[in-house]
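Number of protein chains: 2
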Amino acid sequence: MKHVVIVGGGFAGLNVAKELGNKKDIRVTLIDKNNFQLFQPLLYQVAMAALNAGEIAYPLRIMLSKYKNVTVLKGVVKTVDPRNKTVYTDFGEMQYDSLVLCCGAKHHYFGHNEWEEFAPGLKTIGQASEIRRRVMEAFENAERSQDVAEKRKLLTFVIVGGGPTGVELAGSIGEMSRYYLSKYYRNIDPKLTRIFIVHSAPRILQTFSPELSSKATRALEKLGVQVWTCSLVSRIDADGVQVGNEKIEAGTVLWAAGVRATSIGKTIGFDTDHSGRIIVEDDLTVRGYPDVFTGGDQAHFALPGETSLPGLASVALQQGQAIGRNILLAFQGKPKKPFKYRDKGQMATIGKNAAIAERGNVKLSGLSAWIIWLGVHIYYLSGVKHRLFVILQWAWSYFTFGHAARIVNNEWRFYTNVQEPAEPAEREELMANPACVFAADARQ
Amino acid sequence: MKHVVIVGGGFAGLNVAKELGNKKDIRVTLIDKNNFQLFQPLLYQVAMAALNAGEIAYPLRIMLSKYKNVTVLKGVVKTVDPRNKTVYTDFGEMQYDSLVLCCGAKHHYFGHNEWEEFAPGLKTIGQASEIRRRVMEAFENAERSQDVAEKRKLLTFVIVGGGPTGVELAGSIGEMSRYYLSKYYRNIDPKLTRIFIVHSAPRILQTFSPELSSKATRALEKLGVQVWTCSLVSRIDADGVQVGNEKIEAGTVLWAAGVRATSIGKTIGFDTDHSGRIIVEDDLTVRGYPDVFTGGDQAHFALPGETSLPGLASVALQQGQAIGRNILLAFQGKPKKPFKYRDKGQMATIGKNAAIAERGNVKLSGLSAWIIWLGVHIYYLSGVKHRLFVILQWAWSYFTFGHAARIVNNEWRFYTNVQEPAEPAEREELMANPACVFAADARQ
Chain A
1 MKHVVIVGGG FAGLNVAKEL GNKKDIRVTL IDKNNFQLFQ PLLYQVAMAA LNAGEIAYPL
61 RIMLSKYKNV TVLKGVVKTV DPRNKTVYTD FGEMQYDSLV LCCGAKHHYF GHNEWEEFAP
121 GLKTIGQASE IRRRVMEAFE NAERSQDVAE KRKLLTFVIV GGGPTGVELA GSIGEMSRYY
181 LSKYYRNIDP KLTRIFIVHS APRILQTFSP ELSSKATRAL EKLGVQVWTC SLVSRIDADG
241 VQVGNEKIEA GTVLWAAGVR ATSIGKTIGF DTDHSGRIIV EDDLTVRGYP DVFTGGDQAH
301 FALPGETSLP GLASVALQQG QAIGRNILLA FQGKPKKPFK YRDKGQMATI GKNAAIAERG
361 NVKLSGLSAW IIWLGVHIYY LSGVKHRLFV ILQWAWSYFT FGHAARIVNN EWRFYTNVQE
421 PAEPAEREEL MANPACVFAA DARQ
Chain B
1 MKHVVIVGGG FAGLNVAKEL GNKKDIRVTL IDKNNFQLFQ PLLYQVAMAA LNAGEIAYPL
61 RIMLSKYKNV TVLKGVVKTV DPRNKTVYTD FGEMQYDSLV LCCGAKHHYF GHNEWEEFAP
121 GLKTIGQASE IRRRVMEAFE NAERSQDVAE KRKLLTFVIV GGGPTGVELA GSIGEMSRYY
181 LSKYYRNIDP KLTRIFIVHS APRILQTFSP ELSSKATRAL EKLGVQVWTC SLVSRIDADG
241 VQVGNEKIEA GTVLWAAGVR ATSIGKTIGF DTDHSGRIIV EDDLTVRGYP DVFTGGDQAH
301 FALPGETSLP GLASVALQQG QAIGRNILLA FQGKPKKPFK YRDKGQMATI GKNAAIAERG
361 NVKLSGLSAW IIWLGVHIYY LSGVKHRLFV ILQWAWSYFT FGHAARIVNN EWRFYTNVQE
421 PAEPAEREEL MANPACVFAA DARQ
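These protein sequence lines are chains A and B, in that order.
Each residue of the first sequence is one higher than the one before, starting from 1 at the first, in my numbering.
Each residue of the second sequence is one higher than the one before, starting from 1 at the first, in my numbering.
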């Protein structure tokens with residue numbers, strides 16, 4: 001009986017488990033710090049109060065229940081000794097015959113970790129709830145404030161980073177203030193609302209074609225979003241954001257700029273690239289360790305002369321399947337196969353009826369892209385029930401703009417005020433290695 | 001233009017606002033610490049992962065949006081000076097012509113506040129999330145534990161208090177372990193699960209007839225719940241609960257025993273009863289202050305020779321309407337009318353197809369009571385969308401027992417690990433006066 005340990009239950013890890021499910025003489029242990037798979041591509045909708053967290057998080061055990069040889073354990077992997085084939089977790093150690101590390105990515109503040117407090121990122125349900133709390137709290141405080149300057153600051157939102165997540169957040173805040181604020185708040189002039197995307201490159205969504213990128217910019221501007229390109233943030237604090245010589249006074253700053261692989265690769269001593277991603281061979285094994293695999297946002301996979309594959313859900317999903325098949329081949333004593341990526345294209349949404357989608361030479365924008373966006377996301381969402389509920393939520397919002405989930409709770413102070421139970425030293429270790437938040441959205 | 005200030009947006013406060021909505025020459029300010037109304041009767045389902053929090057919380061502004069003279073402000077009322085008709089809040093002060101205090105109730109540990117850490121109560125979304133986290137975490141830890149004694153402790157759940165909330169929690173945990181644990185967890189023997197209700201009185205649900213109360217006991221026992229009556233808890237700590245000479249080693253203890261009105265009545269200096277409830281006249285005004293009203297769990301309303309009305313949603317709802325009508329009469333210079341309670345009966349649910357309902361001499365149990373329970377709760381829930389979603393969630397669970405919301409998130413550490421942003425002194429003040437959690441469930 002061979003034992004496969006999978007660390008991380010995102011798109012990559014989950015698909016490894018599925019490939020190995022109910023295979024003879026193999027038992028699988030999947031370890032994740034959460035007992036659910038988070039559908040990261042829709043996380044921004046939880047942050048924007050359009051969906052409930054439970055609608056995009058699906059219990060791993062239910063997803064894998066038909067595979068009797070798969071056990072899911074909730075826990076944190078501290079490190080791995082690849083020479084002795086041992087995984088060290090917060091609930092003991094574990095031997096493996098084959099190890100899969102798919103721990104995803106987390107935010108990266110380019111050496112400015114002090115910005116995190118003022119500009120939370122969007123990778124976990126806790127962060128989504130914190131962003132929701134901040135945005136809704138800004139509206140609440142603006143509603144009760146008597147001071148126009150204060151109101152103006154409270155109603156100013158800066159999103160750092162113009163990749164898909166930044167665009168989605170900015171578009172949602174634009175729609176919210178345009179349709180929701182004006183209808184339900186008595187003391188807010190929606191004209192006071194200002195939303196900025198501050199982006200370092202010459203154009204937002206730079207992985208798309210220039211044509212689609214400028215269409216997205218125009219769609220954002222229609223929603224009242226100001227897009228600042230070639231703009232570098234030099235400071236973020238409680239008052240707002242410093243961009244070159246300009247200071248944007250803002251009550252809410254959100255971070256959608258940089259990601260970095262979880263640092264477990266470094267901790268173990270594997271070769272990593274500048275983003276902390278583990279460099280893998282063409283069969284997705286770690287260089288020098290034929291029984292250790294990695295995929296998804298954790299992996300740096302590049303064909304000769306090319307850059308690494310982007311942090312997309314479809315990359316993670318395909319790599320997970322390939323890892324599963326290669327483990328089976330290896331156990332049968334057969335040679336592993338090199339991974340071949342089938343490009344499924346990319347898409348981003350701006351708001352109601354507005355999205356962009358690109359696949360090869362096909363470029364779509366507006367309503368058609370938006371409908372494809374909806375369909376693809378529903379298709380990849382796990383579970384019939386989740387699909388039904390998300391479709392209903394969207395249909396409701398589409399016709400009413402009345403997201404009933406727009407509640408804010410002071411108890412939702414996950415982010416800045418959570419006292420971690422771990423000791424400082426241990427905590428640092430855990431922070432360095434959160435096994436595993438899956439991040440399908442490292443698409444900058 | 002008369003100004004009415006309502007503190008608290010529960011069933012009572014909300015119905016005052018509705019009565020005064022769009023009335024000439026009246027403007028209304030509703031202050032609540034949350035921007036939503038929480039449908040407290042279904043809060044235990046959020047704690048038990050059967051519903052999402054967003055499905056039972058409805059934004060006050062949307063509920064009141066058709067009343068142009070009503071403004072909702074999110075804030076905390078610190079105190080009131082009834083002689084100068086001034087309300088002091090965390091965002092400034094405010095004059096009123098008429099004041100309504102409906103701040104509900106909170107948990108009461110009978111002088112043992114140190115128990116709260118080990119036995120959270122169920123009044124807010126944060127507490128519901130914390131209870132969910134503890135219960136699901138117990139299952140997760142039991143799944144990964146190798147030690148039978150530890151597993152047994154982790155799978156032991158004690159609910160202190162045998163009122164409707166305690167019964168609902170115990171029944172849900174019973175169903176969860178029977179149908180869900182056995183199906184999806186590989187290393188848990190559901191037979192190890194033990195659930196206790198520890199209740200001080202000779203029978204649980206003592207506001208119901210003895211016949212229904214014993215039917216509920218039998219339904220609980222069918223789900224594996226042990227009901228200990230005439231049992232007093234003398235100690236709660238990390239190891240479990242001490243009941244007389246017996247120690248129940250338990251990983252999870254939940255508090256459903258005592259409630260107490262929020263202390264704003266005492267802070268202001270109004271006459272209060274032993275539970276902190278403000279004693280009101282028959283027209284729901286505070287004794288000596290004809291322009292201050294109170295209702296719901298905050299109010300002690302008793303006809304001569306009778307005990308105070310119970311903390312039921314229907315009491316709060318009717319009192320809210322009566323307060324609204326009396327304010328209108330007072331503004332017109334007419335005499336206020338005494339409040340008359342129309343008894344709508346009471347009900348409690350144990351699990352699938354099992355509930356009890358009583359109204360006058362009509363006593364129902366089992367499937368019929370359960371169907372009525374469903375219907376009444378759907379009817380009183382706010383908003384077509386919430387009703388639709390809750391019906392769908394229930395229908396899904398009914399046929400599958402697969403609550404897909406059964407996720408646990410380490411970031412959901414609202415309860416014990418939340419560092420409050422307020423200063424200690426201020427915090428105590430806030431804690432003493434959380435304006436306002438509405439509590440429809442003080443039904444012990």
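To be clear, the hints were calculated from the coordinates, so they are not data collected in a lab.
There may be inaccurate statements among the hints.
Unchecked claim - One side only, chain A facing chain B, incomplete, derived with CB under 8 Å:
hint, residue
1, 61
2, 66
3, 73
4, 75
5, 140
6, 182
7, 186
8, 396
Unchecked claim - Residues of chain A clear of chain B, computed beta-carbon distances all greater than 12 Å:
hint, residue
9, 34
10, 35
11, 55
12, 86
13, 92
14, 143
15, 146
16, 187
17, 201
18, 275
19, 352
20, 397
Glycine included, each C-beta is placed from N, C-alpha and C at the ideal position.
Hints, one by one, checked against the model:
no.	hint	in the structure
1	61	holds (4 Å)
2	66	violated (11 Å)
3	73	holds (5 Å)
4	75	holds (6 Å)
5	140	holds (4 Å)
6	182	violated (11 Å)
7	186	holds (5 Å)
8	396	holds (6 Å)
9	34	violated (6 Å)
10	35	violated (5 Å)
11	55	violated (7 Å)
12	86	holds (17 Å)
13	92	violated (8 Å)
14	143	violated (7 Å)
15	146	violated (8 Å)
16	187	violated (7 Å)
17	201	holds (32 Å)
18	275	holds (24 Å)
19	352	holds (18 Å)
20	397	violated (10 Å)
Comparing the model with each numbered hint stated earlier shows that hints 2, 6, 9, 10, 11, 13, 14, 15, 16 and 20 do not hold.
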